[in-house]
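**Q** Spelled out from the first residue to the last, the chains are:
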Amino acid sequence: MEPHPIRMVVEDDLERSRLTVFFRLLLAIPHIIWLILWGIAVFFVGILSWFIVLFTARLPQSLHDFSSAYVRYGTHVYGYVLLAASPFPGFTGTEGSYPVDLEIDPPAPQSRWKTAFRIFLAFPAFLVTSALLGGPGGGGGGSSTSGGSEEMYYYWGGSMGLAFTIAILAWFACMVRARMPNGFRDALAFCLRYAAQTYGYLLFLTDRYPYGDPRQNPVPAPPPPRAIALSADEDLHRSRLTVFFRLLLAIPLFIWLLLWTIPVVFVLIFGWLAAIALGRFPDPFHRFVGAWLRYTIHVLAFVTLVANPFPGFTGTPGTYPVDLHIDPPERQSRWTILFRSLLAFPAIVVETALSFALWIVAFLSWFAAMATGRMPSGLRALGEWSLGYYGQAYGYLYLLTGTYPYSGPPAVDVPEAVEEAAPVDTWPEPPEAPSFSAS
Amino acid sequence: MARAARSALVLGLLALAALLGAAAWTLWDTDVPEGLRLPEVEASAVLNADLLEEARDFERFLRISYLVSLVVVIVVFALYARYGGRFVRESAAGRIGTGMLLGMLGLAILWLVQTPFGLVDHWWQRRHGVSELGYDEWLIINWFALGGEFLFLCLALLIVMGLAGPLRFWWWVPGGFVFVGLVALFTFVSPYMIPAQEEPPPWVVDQANQLAAEQGLPEIPVRVQVVESWEAPNAAATGLGPTRRVILWDTMLLSFGEDEIRVVLGHELGHHSANHLWKNVGWYALFAFPGALAIALITRRRGGMREPLAVPLALLVFVVLQTLALPLQNAITRHMEEEADWIALETTQDPDGARNLFQGFAREALLDPDPPWWSYHLTETHPVIVDRVAMAEAWRDRRER
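Protein sequence lines, in the order shown, are assigned to chains B and H.
Start counting at 1 in the first sequence, then tack on 44, and there's your number in my numbering.
For the second sequence, position 72 matches number 57 in my numbering, and the numbering has no gaps at all.
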């Protein structure tokens, strides 16, 4: 696959100044004002660009440079606010001036049809962007609630977007360690890259659609080894009939999952007590809860269209195209077992935000699969990331592993073309688990 | 030896048939006097000419739609029985899970082909003021109803395929008992599954208690179900033993006066006093065992109900058997409804109230008082309106004599 015309370049050393982190939002105020003012100009330039590209099929270099600088500057500012980078950015959006930067190809011929309907075509990408970065433009979180505390919490996590949720957690981590957790930074880089591609698409910098595959993040180093990891086949075929009725077909699966959850609750309570005493989660409990968690992943993958076939009812490893590998039980620190629910809280918050993205993926994929009989590969990869993190976060919470979840996007299968096209990334050290890791 | 075994099998089957016949005879027993002659009642005596024309026009359309839809259902299931096995590749589940998927997909395809008919019927009902439900609401309700059907089907397939695993062909014997037990259980809990139940006005409770005492029943609770967007009146007797209940749609209270409501209460309580809900379970048992046997026999060529590939064929067999049994099943329910009507007349002593009620039904729900014979056998679960009015007149004649 050709590399996307809008690519992310990350040259960040993960070091953060506590002082600037503490005042980050206030420090960013001038940038936010300037971004808004520049955005007003870009709005009119965007309209002008639409007419020009519609008639000439190409964006003039001057307008391309203007809008490119805006998108790049937006990435710098969001990178700064979200703690994806440390230094105070400049106000010009100059290429190569910031650790979290964009490389944008020169203007190229564009399809007039795609240009004519750009605002409508961009809508799905905006939905994904809103799940990743927050509301359109990365706007704030939701405060209106209508239900119990859980609903309130979920809504909060979702409307904040993955990036803002991570940024809040990262703020605490940076204040404690003066260092950004690697997984968080990588996740933010992906969110920023997708948002930049969306805005670039909308501002006619390219007619290539934003690509949702988080594996295409410029992460040259492999992620840390994980005790719980997701594996998935590459089959993108989807049966329209089962897609159309997917939610209804899943009703027996949900009921079975619910029934299975009842004994799991008791097993977890006894298992937690036993693990505190033994320093490890007992084998039979590990198998039982592991199968249940794996089955949850099977069901979620089916419902959200990340996988196609109807899953079984046993959670047996190797029986489903999207599967969860769980290492055998290991010794764990008794202290981390005792305080597991507290320690897992940040991971569950991140998981909630990622789950919101997963349901957006499911919603959009439903239409795509009904139209084409296939699952968009980028959306599927995004779904896999979310499911994989779900497995890690709940596996940690349920004592299946003592390894803290790694929130960064999966770094496997980086296409060669992307690696060639992207500039050399300097990653000062191999990735590490977030600072909350208590293992 | 083989001959002896065959003889034993034939004798066994004959004994079973005799047992079923005796059970059917017992269940058919009724309080309606033997040899009761119903007077001739003309449809024009039930509805005025304009309303009669509208009711006939209304039902004619629905009948045609029903017939076409029935043919489509059978054709679709026949095609699904032939080609449905292809969907096995859409499953990563085991034997039973794959069977569930095939079953659900069969119903899903059926839903897709039946929805246009349903929408046209709904348009017709809205046009005649029988329903006020919006098309979007109708679709949503039907969508969730499909989810409920999926659930029931999955439970049924879990039982059948679970039993067919170890028992192979003989699953139908314990399976029949399990299904009868489930029907009894469902009847028992059904009063709690009806949404939007409210307390009735005090006079309804007083009338119900008085009628229940006359029918030798303890006090049976009466509830009013709030039915939004539906104009036709209706009522039902639900529950078994301690869960027995009478449900009146709010449309019933809005459409009729105290005399008619009293007849309705007498009728629904009559179902309870004549043990019709238990009899329903009994009748179900009489159909369930031969039906399960037929499915077990016919699906043998696909490996029996143990195999997921047999599920599409089993669906076809089930639908065909159900269609064939419809006239008989309708005759049974009509027979019980007649008895409930008779009990209502005996306890309310109000043939005028009964006549007004039946006329009101025809008027409000646009029921054809005297439908064609084929529709009578195929679709009518209650006595037709002219027969119900005739029974009220027959009761009056007997009393006057």
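Be careful, since some hints might not be right.
Computed beta-carbon distance windows for the label pairs [unchecked claim]:
| id | chain 1 | residue 1 | chain 2 | residue 2 | range |
| --- | --- | --- | --- | --- | --- |
| 1 | B | F167 | H | L140 | 49 to 59 Å |
| 2 | B | P372 | H | L140 | 32 to 42 Å |
| 3 | B | F298 | H | V56 | 54 to 64 Å |
| 4 | H | F46 | B | E278 | 23 to 33 Å |
| 5 | H | L97 | B | F167 | 55 to 65 Å |
| 6 | B | F298 | H | L170 | 18 to 28 Å |
| 7 | B | I299 | H | G166 | 46 to 56 Å |
| 8 | H | V(-5) | B | I313 | 55 to 65 Å |
| 9 | B | P372 | H | L170 | 49 to 59 Å |
From the structure, some residues in chain B lie toward chain H, with a derived Cβ separation under 8 Å [as the list claims (entries may be wrong)]:
| id | residue |
| --- | --- |
| 10 | A222 |
| 11 | S283 |
| 12 | L285 |
| 13 | L293 |
| 14 | I295 |
| 15 | P296 |
| 16 | F298 |
| 17 | F354 |
| 18 | P361 |
| 19 | G362 |
| 20 | P365 |
| 21 | H369 |
Footprint (simulated), chain B over chain H, 3 or more residues, beta carbon under 8 Å [claimed, not checked]:
| id | stretch |
| --- | --- |
| 22 | 68 to 77 |
| 23 | 240 to 251 |
Read the hints as simulated data drawn from the structure, not as lab findings.
Beta carbons are placed, not taken as given, at the ideal position from N, Cα and C, and that holds for glycine.
**Q** Are the hints correct? Go through all of them and say.
**A** Hint by hint, here is what the structure shows:
no. : hint                           : in the structure
1   : F167/B <-> L140/H: 49 to 59 Å  : 41 Å, violated
2   : P372/B <-> L140/H: 32 to 42 Å  : 36 Å, holds
3   : F298/B <-> V56/H: 54 to 64 Å   : 35 Å, violated
4   : F46/H <-> E278/B: 23 to 33 Å   : 52 Å, violated
5   : L97/H <-> F167/B: 55 to 65 Å   : 28 Å, violated
6   : F298/B <-> L170/H: 18 to 28 Å  : 22 Å, holds
7   : I299/B <-> G166/H: 46 to 56 Å  : 20 Å, violated
8   : V(-5)/H <-> I313/B: 55 to 65 Å : 60 Å, holds
9   : P372/B <-> L170/H: 49 to 59 Å  : 43 Å, violated
10  : A222                           : 47 Å, violated
11  : S283                           : 5 Å, holds
12  : L285                           : 6 Å, holds
13  : L293                           : 5 Å, holds
14  : I295                           : 5 Å, holds
15  : P296                           : 4 Å, holds
16  : F298                           : 10 Å, violated
17  : F354                           : 4 Å, holds
18  : P361                           : 12 Å, violated
19  : G362                           : 10 Å, violated
20  : P365                           : 7 Å, holds
21  : H369                           : 17 Å, violated
22  : 68 to 77                       : holds (count 5)
23  : 240 to 251                     : violated (count 0)
Going down the numbered hints, you'll see the structure goes against 1, 3, 4, 5, 7, 9, 10, 16, 18, 19, 21 and 23, while the others check out.
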